[in-house]
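In the order they appear, the protein sequences are chains R and B. Read left to right, the first sequence gives residues 1 to 697 (my numbering). Read left to right, the second sequence gives residues 1 to 697 (my numbering).
Rather than coming from a laboratory, the hints here were simulated on the basis of the structure. Heads up, some of the hints might be wrong.
In this list, chains with the same sequence are indistinguishable; a pair is considered to hold if it fits within one copy or across any two.
Here are the simulated DSSO-like pairs of lysine-lysine, each with C-alpha atoms no more than 30 Å apart in a straight line [to be verified]:
| hint | residue 1 | residue 2 |
| --- | --- | --- |
| 1 | K611 | K626 |
| 2 | K22 | K338 |
| 3 | K19 | K338 |
| 4 | K19 | K465 |
| 5 | K403 | K338 |
| 6 | K633 | K269 |
| 7 | K38 | K533 |
| 8 | K398 | K269 |
| 9 | K19 | K633 |
| 10 | K451 | K269 |
| 11 | K453 | K626 |
| 12 | K512 | K576 |
| 13 | K38 | K233 |
| 14 | K19 | K512 |
| 15 | K611 | K19 |
| 16 | K611 | K633 |
| 17 | K465 | K492 |
Protein chains: 2
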Amino acid sequence: MLENMFDPDSVAVIGASRKEGKVGRAVLENLMQNSDLKIIPINPNSDEILRLRCYPNITAVPGENKADLAIIVVPARMVPDAVNECGMAGVDNIIVISAGFKEAGVEGARLERECISLCDKYGINMIGPNCLGIIDTASGLNASFAANRAFEGNIAMMSQSGAICTVTLDWAERTGVGFSKFISLGNKAVLAENDFLQIFENDDTTAVIAGYLEGVKNGPEFIKIAQRVSRSKPIILVKSGRTSVGSRAVSSHTGTLAGSDAAYNAAFKQGGVLRADSLEEMLDYSRAFSVCPLPEGRNIAIITNAGGLGILTADACYNAGLSIASFEENTVERLREKLPPAANFYNPVDVLGDAGADLYEHALKVVLDDINVNGIIVLVSPQSMTDVSEIAEKVAEKIKGSKKPILCNFAGGSRIAAGEDVLNKHGIPNYSSAERAVASMNALCNYHSIKHKNPEIPAVLNADKEFARNFIDIASSENRRTHGLESMDILKAYDIPVVDSRIANTLPEAIKAAEDMGYPVVMKILSPDISHKTDVGGIRLDLEHADDIERAYNSMMSDVRHYMPDAEITGVQLQKMISGGKEVIIGMDRDPQFGPLLMFGLGGTYVEFLKDVSFAVAPISESEAKHMVSSVKTYPLIAGVRGEEPSDIDSIIATLLKVSQLVTDFPEILEFEINPLMVMPEGQGCVAMDIRFTLNS
Amino acid sequence: MLENMFDPDSVAVIGASRKEGKVGRAVLENLMQNSDLKIIPINPNSDEILRLRCYPNITAVPGENKADLAIIVVPARMVPDAVNECGMAGVDNIIVISAGFKEAGVEGARLERECISLCDKYGINMIGPNCLGIIDTASGLNASFAANRAFEGNIAMMSQSGAICTVTLDWAERTGVGFSKFISLGNKAVLAENDFLQIFENDDTTAVIAGYLEGVKNGPEFIKIAQRVSRSKPIILVKSGRTSVGSRAVSSHTGTLAGSDAAYNAAFKQGGVLRADSLEEMLDYSRAFSVCPLPEGRNIAIITNAGGLGILTADACYNAGLSIASFEENTVERLREKLPPAANFYNPVDVLGDAGADLYEHALKVVLDDINVNGIIVLVSPQSMTDVSEIAEKVAEKIKGSKKPILCNFAGGSRIAAGEDVLNKHGIPNYSSAERAVASMNALCNYHSIKHKNPEIPAVLNADKEFARNFIDIASSENRRTHGLESMDILKAYDIPVVDSRIANTLPEAIKAAEDMGYPVVMKILSPDISHKTDVGGIRLDLEHADDIERAYNSMMSDVRHYMPDAEITGVQLQKMISGGKEVIIGMDRDPQFGPLLMFGLGGTYVEFLKDVSFAVAPISESEAKHMVSSVKTYPLIAGVRGEEPSDIDSIIATLLKVSQLVTDFPEILEFEINPLMVMPEGQGCVAMDIRFTLNS
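Just chain R, with the same shape it has in the complex (with noise of 0.2 Å):
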């Protein structure tokens, strides 16, 4: 029973200690917070600690006293025991605190093997080795060795590292902010991020759900379960490692292969996930969630007391992607009945510097009666007037009441600090600076889209698929891993349109295969050594009579000689030549993490620079395909601008969909890429020009 690791109604310590300074004390001492909570502690030697009766191990404790938890803190080697032991015992849950595992090297990594073994064979959950233990505020349980107290709030929060826990716990107690629950995830050898994303959703003390990973275990079930619970509750991570420098610095913290951080982006944007860019902006943003009802637009208005910071904040805003709302003239009028002439009656208000809190009253008041604001911005500063409590009590009051989220930035220091304590003893979050009070309210607006939007339903399609098996069954047979042109009739198998080509041995055999298609005609080198066939002048074309083949055919064959003496080639390829269309790329990767990465981005030198390239974690549903192709910045030039045609859309989003599936379907391929892909004017279709793809070995 997993309940019974957040409320349990005994929980034995194996490892107990009456040593200050000890785990195994503190541990103990945090149980005790909760007098309702029978504790056993397990140790050897000792017959009572702290006045508990103390058993030499778990399978002494008699029956009736059978613990729903135990919590290990003893040295790594003995921890396989204790988890034996506790199975033996019929403890359901435990948690490991322990570290020395996974993380310390090869005998580390042995122990922890040896745990998952042990888990497996009694059932048991596990969290860590290697954590801080976990805190349930609702059901009154601090099972971690934490030295900061937690409140009681609506957060539930998750942590890879222990260290980031104790942070967060330390500025949660400075700032009064409360958890519902608190999870040290540690080394994640059994329990991981999945299972208390689903422990999270159903927990009914939990409004807001964070979390700090360094990886993911499982990422395709991650993506599954995270779109899901998403629906029901804002999640909010960082994930760490984003970099390759920083990467480096993962594996040598927790072994954790880290994904490429492009996969991490897909699957979290494709799990409705928000991704925070630092701890503090993770903290900002669950604070919003905590108190604020969720906006129905983009709409923003700013109310001030100073010129300056209105300005400053309206400049956040847009950098944000949130609008300026603009008023009704209602709204404006009574603004202008109570507000002093000087003052500044649109979007951001100004109440101006001598402002009392019966204005700013005011100001909320109609503001938010105002059916074109969706959320607004306090910004408060110590003018010589300024009475910083009252205004912040009266805003509070305003917040709690409202159903458009209201977020405040206090800003100064000394005389600022009266009303921020107004706001932390009532739960109200005051961000530091604009910037940061305006990227909540941006995850807030985030998060009402993530929460509206339908489910993704990954497209299923119908295909050829045991064409596809023999042929890679086939190839692997015979060892051929790299394939190009000459494999096209895969793409044929899944319906996507190939252009008409023929493969020739020799030059008499291309001057056919050209007449056979008719003119004019593409000629590519056919080489398994060759990828970009342009740099050694493998491509003619253009080709318009048979005089052209043979042109083309010797002075390819020399030139390609020339640049690539060593390159083994098995012939040419003639196209059919297509004009008038675009050319884009679709391509896929194996990420460690998440599975086959798709790529969408426009063809031609630019893309390689700028890097405007999409993403998604396959398979993908209709919906994420159209996303793809509609986020990469050179869209317009697909969809047409300064009277262009527009470019067959539907049919890149038809053979996304269509490779989506080939790649899900067959795990055997790991790299794959159409490049081009011909997009032909809108209703024209497109067509695959040349492809590329490796099989595993």
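Given chain R, put chain B in place with the hints provided.
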């Protein structure tokens, strides 16, 4: 004597008051903090205020008591008289705190102009109107109505918003940050940012210059002064109204005409100004500069007691463009000597969660000694064993003696507070997040480059200025404002190569022109009404015979009449067809604050969507021209990639300098664009293919 503004022997307060809550009282009280200062209240209704002898007006003050500085707080309509009286009484320096001037409408603007005339007449230095006043902590002058104390320090701050002065002082009071001079600029009617940059430059107590601006008064001068000042002291500025939304707020706030953000970015860059994106960032940077030596490179070491924090910080370094330093072998060995075996001896150094101050001290000492390390970020999380204060003491000690910058992120809340207090006591900044510490470290690194780069001396070139003068004069007299292909001669005058081209008004003329210059040729429509020739069928390429010319001429005329029936067509232009080059664009727009803003980018439709262009304010130096070219993302395309020939980049730079000179010489040119400039392979120059410019009326 401007020095008397900051260190006066006697100060008059015009509008002094004894009433609590009045600005005239707050100013008096603040002045009285300095017991050595002679203070003269001016108020016709009192003989004595706060035990100071009061005069009815400043001309009534006896000569031996003449004020070095007068602070004016009377209502706006009375200010011009007060300024006039100051002039008559021989007061050189005044601060007008009163509001109700330009920011308040037409009548206020009139009053402000009146004050400016009077200051001109008497040679008075005036700060304000509509400001909070000034503080000089070195001389002990507090000539403001600020409610906060200001501590002594080495940061000079100026702000165009009084409220932001207040917020900053309030923040500084809480964090213990000190200032040398603190200036509320107000409406900048007389003295403005350029004056204060020079005052700060020459002020021995100032090491760092910070500011909040909504605009600059004299853009070209600003760049020159900032270039000089930034060589000796860092200038850190927030400029608000970055965005169109924000800009609107600026206009309604202080009536400043906000320049385009691209111009500010370019001008700040050229002036060596570090642009902060927010008030918080400006304060963060200022604190770093106030205590840190400059790093000699961008290789950063991280010392942490928490792996997770180390990874997040490494991520932040990478994102900011900083490198994670690789340690010398000796460093790793020395770390290994004292740190526990499970610690990480590579960068980021993990001293582990139970590390005491001695381990931090050892790690800092060893890492500081490594010649590959240019700067260090110290992370401390409050683990159960962590003695935060002791670590703060040791770190503060190291920071004070260090020749390399060390920045701290003590992360957390309640239990971290004691460490923050220790750092504040030592005047050492603690950043509340690793990202903020990293951003500040990056600012230090960037300033190191600014400080050490060669002075930018705008290139001066020989040109046939007289030809251009005549050309423009004639065009103006004929009221021809918009110029295109037909005006390419102006480029020749500035020695910019232009394509061989002829103008033809009839088909026979066109054929003759083509035969004169030789085939192949390009034909372009000539019309003052058509800017995008391609869109209306106004360009035909690759014409090889008289037949081609005839066909092209007739179809072009019919196309253009079809698309733009009302366009005035003045004929066609025939140009020698140029192939083998790459198209780039050089343009210029007049920015309201900085004047001629040059633009560079590659040609083609992509650039339009990707906004991959660079800007600089003319006149530019050669290195600035180089930077313009190399800073676009598509630079590799002209620098030569994948075996493609590099383009003649020197000729682009030369053309940029020529255009810079042309648009500097002739302010009558409002907009200017060479599009395309065809750039040939390296060594083969470039050719202007088309041009478009507009003259003022």
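Structure-based check of all given hints:
1. K611 with K626: both (19 Å within a copy, 24 Å between copies)
2. K22 with K338: between (63 Å within a copy, 23 Å between copies)
3. K19 with K338: Between copies, since 26 Å is at most 30 Å while 65 Å is not.
4. K19 with K465: neither (65 Å within a copy, 90 Å between copies)
5. K403 with K338: Cα proximity of K403 and K338: one copy only (24 Å, versus 58 Å across).
6. K633 with K269: Answer is both: 18 Å inside a copy and 27 Å across each meet the 30 Å cutoff.
7. K38 with K533: Result: close neither inside a copy nor across copies, 73 Å intra and 85 Å inter.
8. K398 with K269: neither (33 Å within a copy, 44 Å between copies)
9. K19 with K633: neither (62 Å within a copy, 62 Å between copies)
10. K451 with K269: within (13 Å within a copy, 42 Å between copies)
11. K453 with K626: Within one copy only: 14 Å inside a chain, 48 Å across chains, cut-off 30 Å.
12. K512 with K576: within (13 Å within a copy, 41 Å between copies)
13. K38 with K233: Intra 33 Å, inter 65 Å, cutoff 30 Å: neither.
14. K19 with K512: neither (90 Å within a copy, 105 Å between copies)
15. K611 with K19: neither (57 Å within a copy, 65 Å between copies)
16. K611 with K633: both (10 Å within a copy, 10 Å between copies)
17. K465 with K492: For K465 and K492, only the intra-copy Cα distance (11 Å) is at most 30 Å; the inter-copy one is 67 Å.
Violated hints for the displayed structure, listed by number in ascending order: 4, 7, 8, 9, 13, 14 and 15.
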